[in-house]
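A.B. asks: Residues per chain, in single letters:
2 protein chains.
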Amino acid sequence: MPVTLREVAERAGVSIRTVSNVVNDFHQVAPATRARVQRAVDELGYRPNTAARNLRSGRSGLIALVLPELDVPYFAELTRAVIEQAAAAGYTVVVDQTDGDPVRERELVMRGSRAAMFDGMIFNPLALGDGDLRDRPSSTPVVLLGERVVHGGLDHIMIDNVGAAELATRHLIDLGRRRIAAIGDQIDETRQTGRLRTLGYRAALRSASRKVIKELIRPTEFFHRADGAAAMADLLALPEPPDAVFCYNDLLALGALRTILGRGLRVPEDIALVGFDDIEDGRYSTPSLTTISPNKNEIAKNAVQLLLNRLDGDSSVPAEISAEYTLEIRESTLGRPM
Amino acid sequence: MPVTLREVAERAGVSIRTVSNVVNDFHQVAPATRARVQRAVDELGYRPNTAARNLRSGRSGLIALVLPELDVPYFAELTRAVIEQAAAAGYTVVVDQTDGDPVRERELVMRGSRAAMFDGMIFNPLALGDGDLRDRPSSTPVVLLGERVVHGGLDHIMIDNVGAAELATRHLIDLGRRRIAAIGDQIDETRQTGRLRTLGYRAALRSASRKVIKELIRPTEFFHRADGAAAMADLLALPEPPDAVFCYNDLLALGALRTILGRGLRVPEDIALVGFDDIEDGRYSTPSLTTISPNKNEIAKNAVQLLLNRLDGDSSVPAEISAEYTLEIRESTLGRPM
Chain A
1 MPVTLREVAE RAGVSIRTVS NVVNDFHQVA PATRARVQRA VDELGYRPNT AARNLRSGRS
61 GLIALVLPEL DVPYFAELTR AVIEQAAAAG YTVVVDQTDG DPVRERELVM RGSRAAMFDG
121 MIFNPLALGD GDLRDRPSST PVVLLGERVV HGGLDHIMID NVGAAELATR HLIDLGRRRI
181 AAIGDQIDET RQTGRLRTLG YRAALRSASR KVIKELIRPT EFFHRADGAA AMADLLALPE
241 PPDAVFCYND LLALGALRTI LGRGLRVPED IALVGFDDIE DGRYSTPSLT TISPNKNEIA
301 KNAVQLLLNR LDGDSSVPAE ISAEYTLEIR ESTLGRPM
Chain B
1 MPVTLREVAE RAGVSIRTVS NVVNDFHQVA PATRARVQRA VDELGYRPNT AARNLRSGRS
61 GLIALVLPEL DVPYFAELTR AVIEQAAAAG YTVVVDQTDG DPVRERELVM RGSRAAMFDG
121 MIFNPLALGD GDLRDRPSST PVVLLGERVV HGGLDHIMID NVGAAELATR HLIDLGRRRI
181 AAIGDQIDET RQTGRLRTLG YRAALRSASR KVIKELIRPT EFFHRADGAA AMADLLALPE
241 PPDAVFCYND LLALGALRTI LGRGLRVPED IALVGFDDIE DGRYSTPSLT TISPNKNEIA
301 KNAVQLLLNR LDGDSSVPAE ISAEYTLEIR ESTLGRPM
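Residue numbers (the UniProt record's numbering), protein chains in the order written: chain A, 1 to 338; chain B, 1 to 338.
Keep in mind the hints are simulated off the structure, nothing from the lab.
Glycine is no exception: its CB is placed at the ideal position from the N, C-alpha and C atoms.
A couple of the hints might just be wrong.
Selected chain A positions facing chain B (Cβ under 7 Å, derived; list incomplete) [claimed, not checked]: (1) L70; (2) R195; (3) L254.
Per the computed footprint, the stretches of chain B lying under chain A, defined by three or more beta-carbons under 8 Å from a beta-carbon of chain A, are [said to hold, decoys possible]: (4) 75–83; (5) 292–306; (6) 311–318.
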């Protein structure tokens, strides 16, 4: 038989309510009383499990953060920010990675049985689309991140990818570069990020009356260093290689940088590079990386706040928030100070 | 009133056991039946929460992974490996970061009320020590990672830091370097990693009959890029700067690399560099980073396996496992191929 709150209360010589307050981490218990209760809890081996607490409050205190890849620095940095924001509100974050696997994404977001473990979810889908989420049976609040889903009927925080990519490309045009390549286009239509950034890249070239040269737009399967290194090798093998490259994230740019320097070429003298994400790696590379810097703290703060609002019963129409970003100009386009 | 399993069963026209099987994700339910049950679950808004499941099985299906910093690539890569190993065993991993804060660490590992949310915990402490963990009241199984606690009476997976640091330093001696510095010594006695690696560094110098020069051993507060960059600047300011540096992790080495290249010096021609961790960043830097490579997949696999054994009732004496490692020799010591 499991030990009950009543038995703990008797052992500690306090009321059941006081035991409950200690067990639930409420703060209005005097330290000495708290210690006495904790001693009774330990001696009796009382296990005040989530089960009992869920049944009472209907809440688990857990927020799920579902991301494609935890070991991609952009997501690792975003995760830190979400954990900090959630902790400030008394929530624990459960982090899960999907690797963009549609089955895994569906399992996590769609199924009532799984979702019920969490009070809410912050979800950055890669594979699931608008239609998938409209059919969602679960009533657990979800805040969407990223650009995969645009009409999901859910709170959504995104980045203006077209505008940001246009800004990055325009910077290379303004520096006088003539053959500007792009790494990270995506053919798979479930991968919206690459498609949107290509739209911005094209828009910048067009508004500067530049021709869009198809062979300078390189698709990649993933946004990892290895993809950037390989795509850059392809670009360098062209009869007329580029003198600038806009990479759709910093990992691609760091991979491309490795390839360029490995050939004995210089950045930015021979080839200028711009990335996207502003991860710490790019601030310490040599040359340091010019990049689009989305405000990750703002994204995390808004995501947690929207979720808490829904948990508090907010039933207004879904919010659509566009996160701030800046262009951080560093050595990979400006050169190094003498 | 919450919807009951019985109501779902009646709506779906199946037994309560079948509903329970679907809700608990057991696999012996025919797809058509599963769909029918799911429909009934959705229509009625049945919420088969963790509470009910916990009460039945006594398990939450959650493993906590408690690490100092999620956005440190070594931990991000280890997290990926732990999630994969746990998923294969049907467990979901809850990731939490402590930032090495003793209060936060104590809260997570010591308190019964919190620990009961998880079936078990994989814990890499930075601040808590042997004594702290011996007093642990909770009976939740814990597997320890790292070197902070060595006699905690718990399963423990560690790296032979002294041996690995000796190997790294010996490599620099073998290359003929004369003034070999070390970055990452730690004065705070709760930070064992730095202390142990300094022991290995000293041992290698001693066995090569080299003098240990105190000013060449640089302490750092953290193991971040910024610490490595600053420590390297201090070393370069010495009347006689080093011609090689063993950095106690790759982030320190990448920070040091940034400082060295920023001064117009060459790696390894002027200064050779060795790191520790073998994170992906170091494979793509220019030059690529020679480093100690701990077998992260093996660490993750052992950690999950030890935890599952305890959950299955294994009560044998705590295991002490020393993880494998190798020295990966790359351009930062060998130079780049011509």
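A.B. asks: If you test the structure against every hint from before, which numbers come out violated?
C.D. replies: 2, 5 and 6
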